[in-house]
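Participant: Since chain Z is already given, all that's left is putting chain W on it; use the hints.
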Amino acid sequence: MFYSKKTGNNIVSEYILEVQDLTKIFPGVKALSNVNFKVRKGEIHCLCGENGAGKSTLMNVVSGVYPYGSYEGKVFFHGEETKYKSVKDSENDNLAIIHQELSLSPYLSIYENIFLGHMKTRYGIINWRQLIMDSRPFLEKVGLKENPETIVSKMGVGKQQLVEIARALSKKVELLILDEPTSSLNDRESEQLLQLIIGLKQAGITCIMISHKLNEVLEIADSITILRDGESISSFDVKKDKVTESMIIQKMVGRDLTHRFPDKKHKVSEEVVMEVRDWSVYHPEYPDYAVVKNASFKLKRGEILAFCGLMGAGRTELMMSIFGRAYGSKCSGQIFVDGKEMDFHSPKDAIECGLGYVSEDRKDLGLILLQDVKNNISNSSLKKISKYGVVNKDREIIEAEKYRKELNIKTPSIDQLVKNLSGGNQQKVVLSRCLMADPSIFIVDEPTRGIDVGAKYEIYCILNDLVSLGKSVIMISSEMPEAIGMADRIYVMNEGLIKGELSREEMSEGKIMTMALQRIQEK
Amino acid sequence: MTDNKTAGTAQSFIQVAKENMRNYSMFIMLVVIVVGFSILTGGININPRNFTNIFIQNSYILVLAVGMVLVIIVGNIDLSVGSVAAFTGAISAILYNTGLGIVLTVLLTIVAGLVIGAFQGYWIAYEKIPAFIVTLAGMLLFRGLTYIITNVTPITPKTDVFKKMSSGTISFDFLKIDNLHILPIILGLFLVLILIFFSISDRKKKIKNNFHLIPVTYFILELVFVSAIIMILCVQFARYRGLPIVFVILGVTVAIFTFITQNTIFGRYIYAVGGNSRSAKLSGINSERIIFFVHTIMGGLCGLSGVVFTAYMNSALPKAGELFELEAIAACFIGGASASGGIGTIMGAIMGGLIMGVINNGMSLMNVGANWQYVVKALVLLMAVWYDIYTRKKAGMV
Chain Z
237 MFYSKKTGNN
247 IVSEYILEVQ
257 DLTKIFPGVK
267 ALSNVNFKVR
277 KGEIHCLCGE
287 NGAGKSTLMN
297 VVSGVYPYGS
307 YEGKVFFHGE
317 ETKYKSVKDS
327 ENDNLAIIHQ
337 ELSLSPYLSI
347 YENIFLGHMK
357 TRYGIINWRQ
367 LIMDSRPFLE
377 KVGLKENPET
387 IVSKMGVGKQ
397 QLVEIARALS
407 KKVELLILDE
417 PTSSLNDRES
427 EQLLQLIIGL
437 KQAGITCIMI
447 SHKLNEVLEI
457 ADSITILRDG
467 ESISSFDVKK
477 DKVTESMIIQ
487 KMVGRDLTHR
497 FPDKKHKVSE
507 EVVMEVRDWS
517 VYHPEYPDYA
527 VVKNASFKLK
537 RGEILAFCGL
547 MGAGRTELMM
557 SIFGRAYGSK
567 CSGQIFVDGK
577 EMDFHSPKDA
587 IECGLGYVSE
597 DRKDLGLILL
607 QDVKNNISNS
617 SLKKISKYGV
627 VNKDREIIEA
637 EKYRKELNIK
647 TPSIDQLVKN
657 LSGGNQQKVV
667 LSRCLMADPS
677 IFIVDEPTRG
687 IDVGAKYEIY
697 CILNDLVSLG
707 KSVIMISSEM
717 PEAIGMADRI
727 YVMNEGLIKG
737 ELSREEMSEG
747 KIMTMALQRI
757 QEK
Chain W
-12 MTDNKTAGTA
-2 QSFIQVAKEN
8 MRNYSMFIML
18 VVIVVGFSIL
28 TGGININPRN
38 FTNIFIQNSY
48 ILVLAVGMVL
58 VIIVGNIDLS
68 VGSVAAFTGA
78 ISAILYNTGL
88 GIVLTVLLTI
98 VAGLVIGAFQ
108 GYWIAYEKIP
118 AFIVTLAGML
128 LFRGLTYIIT
138 NVTPITPKTD
148 VFKKMSSGTI
158 SFDFLKIDNL
168 HILPIILGLF
178 LVLILIFFSI
188 SDRKKKIKNN
198 FHLIPVTYFI
208 LELVFVSAII
218 MILCVQFARY
228 RGLPIVFVIL
238 GVTVAIFTFI
248 TQNTIFGRYI
258 YAVGGNSRSA
268 KLSGINSERI
278 IFFVHTIMGG
288 LCGLSGVVFT
298 AYMNSALPKA
308 GELFELEAIA
318 ACFIGGASAS
328 GGIGTIMGAI
338 MGGLIMGVIN
348 NGMSLMNVGA
358 NWQYVVKALV
368 LLMAVWYDIY
378 TRKKAGMV
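Protein chains in written order, with the numbering used here: chain Z, 237 to 759; chain W, -12 to 385.
Isolated chain W (complex conformation):
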């Protein structure tokens, strides 16, 4: 939770870089894996088409990982997310086929997810049944209910509009030069400008208040680095079919929840309850309510994930969402969350999800069978968490 921007005045560039190394280690790992596969596949994995596909193929897991990391920070686990996503996905298809508009369908599905989350959250927070057990029951319950409402047959949305939620892109013909979609690039530049503006005004405020500052060189380098990543993403999207709708959904979700965890009272309380629930309680935090809301949010995000997955498959499948929970949990732990609670970030979980996604995708491109994909992913999970524990021990954080 340490804010990078207040690391201390007297520190040298290298010191600051070293201190923040841990924060970037997952990102560096991701880059290494992307580069590794681009060598192995002769660059296919980073061509614009595949690049866009990686996001589309993993979006529903990443949405779940955002909620899962909150659950893990608060010290719990949610095994039901796959079943709940399947159930809500089926609900969305049924609702949509009754003739409701796409926006209303999505909203109602998220509300259904929230209700399911609140139901599970009630048992966990107020009746004090371990989350593991409640969500294990939820996993069975909502799988069963999915079979019941779908009648164990796939439900296909009536029109192709639904499908756009996943594979569609935002692009306008008048913003197209040759084969380049300009919109993502314009948006990217806009984002970078906002980022630079806020970073500088933040730094100015810090100077005015006489706070600790990171060295100017480091500050600039970090800005350049983050801007470059945004632009690489946007250019890649521009070169294929424009900005994927699912990326927008994911980006907005990540932005909202990053803001909540880092800047709001609620976010602080999540970390406080997860870090030491008894101490949090004595600090006047209503820890039951925090736990309840976290599980409710998880339910809502299951709803969103269900919609995205139904769109991706263009069909609500009775067996949808199997093993999603484990992928989402693995993403969180690869991304540095602690199984004992109190530690974890949204960005970390996204990095963890992407690492697994890139590996999946890369191995598929290399025609490695699913069997071996499991083996490799298992090793990555084990190694990533081992590395995390190792560095934490070295930094005296355990």
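Just chain Z, with the same shape it has in the complex:
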């Protein structure tokens, strides 16, 4: 029996997990602020919220990915405060987390993966045959009909997910956390997985599931907690409160919109600067899987065009593949720039044709962290400041200083390594690089992710200045207020398809969310 000693109440805690006033701060960003969250023993509890609302962060704190001491507030498991130093500690407490990105060892077999890290040995020697036998009941439990000796990477993602769950079960799990388990599954696999989760509940295992798919949430959840901007907004008991999808959406999006965006006074001309027709993109590793399907859209001069949708809807993949096939195994379709059909083979071609791309992944795809600010700014446009291939370093300094002043990049000097800059200033460096190459079409992917409010406002102003100069901007944004506050037109993507177009008059968070969440009807 567990009595909550810390709170002093001598009642058996009906909650298996309690989170009190949890605050987690990353450099420059408050990911969670004063979150309260309670999970009853034996229930299925769903966590909902927009991208970046803090769902995964919360689960990472609970499971010890972020160790005790790196956050403020308290987490109680079975009524006792947890002080996990690592995931290992939470596993010892029978708590398991299955991340969105699967963490199986791809070239090992099913049974090896199941027992990885806790293999039974005798004098340090593994009895493989015994392990294979031991793995069978777990495979049965999760309904995976495969030979335990099958190599994991040869199975589909859905089956791999089941192996993950089997692994959690083999460790006598009491609380299982699933982070968007169905995001990469098809309908049939998803349904199978949901049934499995319900089965686990009947076996007495408590589950927390993060999901964007509201129909699934309503299908299986006993309780729902909604996070927004790192705060816990409200919790529902599904049966008692008669929860509907629109109730959830309303809670997910409602927020104050005043004075977060500069006024938009864009003069959008009717001239189409870029048109994309029937663009399809295939996954780099699974060439049969279309990440983007038959996308068609138009971009006008002087316009900010936003692409909304959930993570994994295919927005980044669409834009990166347009930008010189920087993503995907193959793509098909047509791109017209200023009415002429283009065929970009590399980002270099796209840049030469007047496109600029600012990646959402600043650290991996945007910057060269080892280099200083001025080199990062000039990298795309060295030809402009060179003669006979020799770089004019004085001009480089002049240009870099110019952008430092214009964009208000806060750095002690342009010789500072970019890795020492804050997120907002790093983003300004990437923008400067793109600006210096002077493109006429800017594609900015989540330009304000992970940066503070002040820097966000400055970046919005930069984008407005660009369109006022007659340039065009495509902005991928997962923050709906940002898209509505900035864009002249919005396309909403959902599962690789452009689901709809919203003019400035039609825009609302409810409409975007509905389009982004609606399940595509099976044909």
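Hints listed in this document are in silico derivations from the structure and should not be mistaken for laboratory results. Using N, Cα and C, we set each Cβ at its ideal position, and we do this for glycine too. Some hints could be false.
Ranges between beta-carbon positions, derived for each pair [claimed, not checked]:
{"#": "1", "chain 1": "Z", "residue 1": "Asn363", "chain 2": "W", "residue 2": "Met370", "range": "43 to 53 Å"}
{"#": "2", "chain 1": "Z", "residue 1": "Leu338", "chain 2": "W", "residue 2": "Lys306", "range": "44 to 54 Å"}
{"#": "3", "chain 1": "Z", "residue 1": "Phe572", "chain 2": "W", "residue 2": "Ile135", "range": "56 to 66 Å"}
{"#": "4", "chain 1": "Z", "residue 1": "Gln652", "chain 2": "W", "residue 2": "Arg276", "range": "36 to 46 Å"}
{"#": "5", "chain 1": "W", "residue 1": "Ile120", "chain 2": "Z", "residue 2": "Asn451", "range": "46 to 56 Å"}
{"#": "6", "chain 1": "W", "residue 1": "Phe246", "chain 2": "Z", "residue 2": "Phe262", "range": "38 to 48 Å"}
{"#": "7", "chain 1": "W", "residue 1": "Ile120", "chain 2": "Z", "residue 2": "Glu337", "range": "25 to 35 Å"}
{"#": "8", "chain 1": "Z", "residue 1": "Gly435", "chain 2": "W", "residue 2": "Tyr113", "range": "50 to 60 Å"}
{"#": "9", "chain 1": "Z", "residue 1": "Gly690", "chain 2": "W", "residue 2": "Tyr374", "range": "39 to 49 Å"}
{"#": "10", "chain 1": "W", "residue 1": "Phe177", "chain 2": "Z", "residue 2": "Phe262", "range": "52 to 62 Å"}
{"#": "11", "chain 1": "W", "residue 1": "Met370", "chain 2": "Z", "residue 2": "Leu352", "range": "33 to 43 Å"}
{"#": "12", "chain 1": "W", "residue 1": "Arg276", "chain 2": "Z", "residue 2": "Ile634", "range": "20 to 30 Å"}
Facilitator: Showing chain W alone in chain Z's frame:
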């Protein structure tokens, strides 16, 4: 890659010195080692004769290190350089013995190296086979081919002209006073004047453009320091047999590639690709082409190194170039290059090569056997890289 000359206006002399300490640390280490051995050997290691010899004995490794540091900056490694140098060295001897002139021989050998480099570069850059594997194959392939074309017997160049490439010096009798060869000193003074002229005009331009400046005292001290080194080198050469030809070859190579890495678009792209290849690609850099060219250049420098080594031995040996690759790689890492790419300088690699050369030479003078030389060099490599990582961590650069 940070340019020393723009470290900031408001900084004090000591601050600037501290910031640049890391850049000079390898040089200071070299000086300490030279002084240490001169104490241990009673000054033999710094007498003009030995001083000149250190350059001659290490020239072929230093030439390889120049190419290797480019390969390492771009994030790769080249294990084939020893075999390729042996192969091209053999080619040079064969070509020369057919009666071709020395200049044509050298040029054709470098071209052969470039072709070999391009061959390996193709597999690495366009077929995406890891450089480690391609050059491991190259190491075996070109060793084998060396045995085949030399028939496993040394090939000796017909005339002594070939030998001059390594041990010869440039000197004219009319520029000789007593036993002093004046030419190196004249050239040294000339170089120093050019250096001073360009540094001052650069500083003036910076003042005009209102850039950050380093303090005047620091600026002058740095100039004096660099000038002094040039003059010490030249005086030492003057006191022995004049300017070694191999030093000229090395100096020109270093100058060309320092200029390329620091001042050209190509050089910038090498650092960009090595620092983050995916980001470089999205910046519009054709990273495959950069990698291809870097390996091609490495091949060309293998050719040059092969010629120099054949000249040094006055014979193309089938077993030439063994372990050259490891010496060149060690030189780069001692000189501050990063194994994960994006960091490294030509001068650093030269310093690293010289540190190892001086240690080799010093221990030979002290009659320490080759066995112990390996042990000491291993420790130096380990300590140097450890120190580099340690200071980098402290400076928040990792």
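Participant: What are the numbers of the hints that this structure violates, sorted from low to high?
Facilitator: Violated hint (a single one): 4; every other hint is consistent with the structure.
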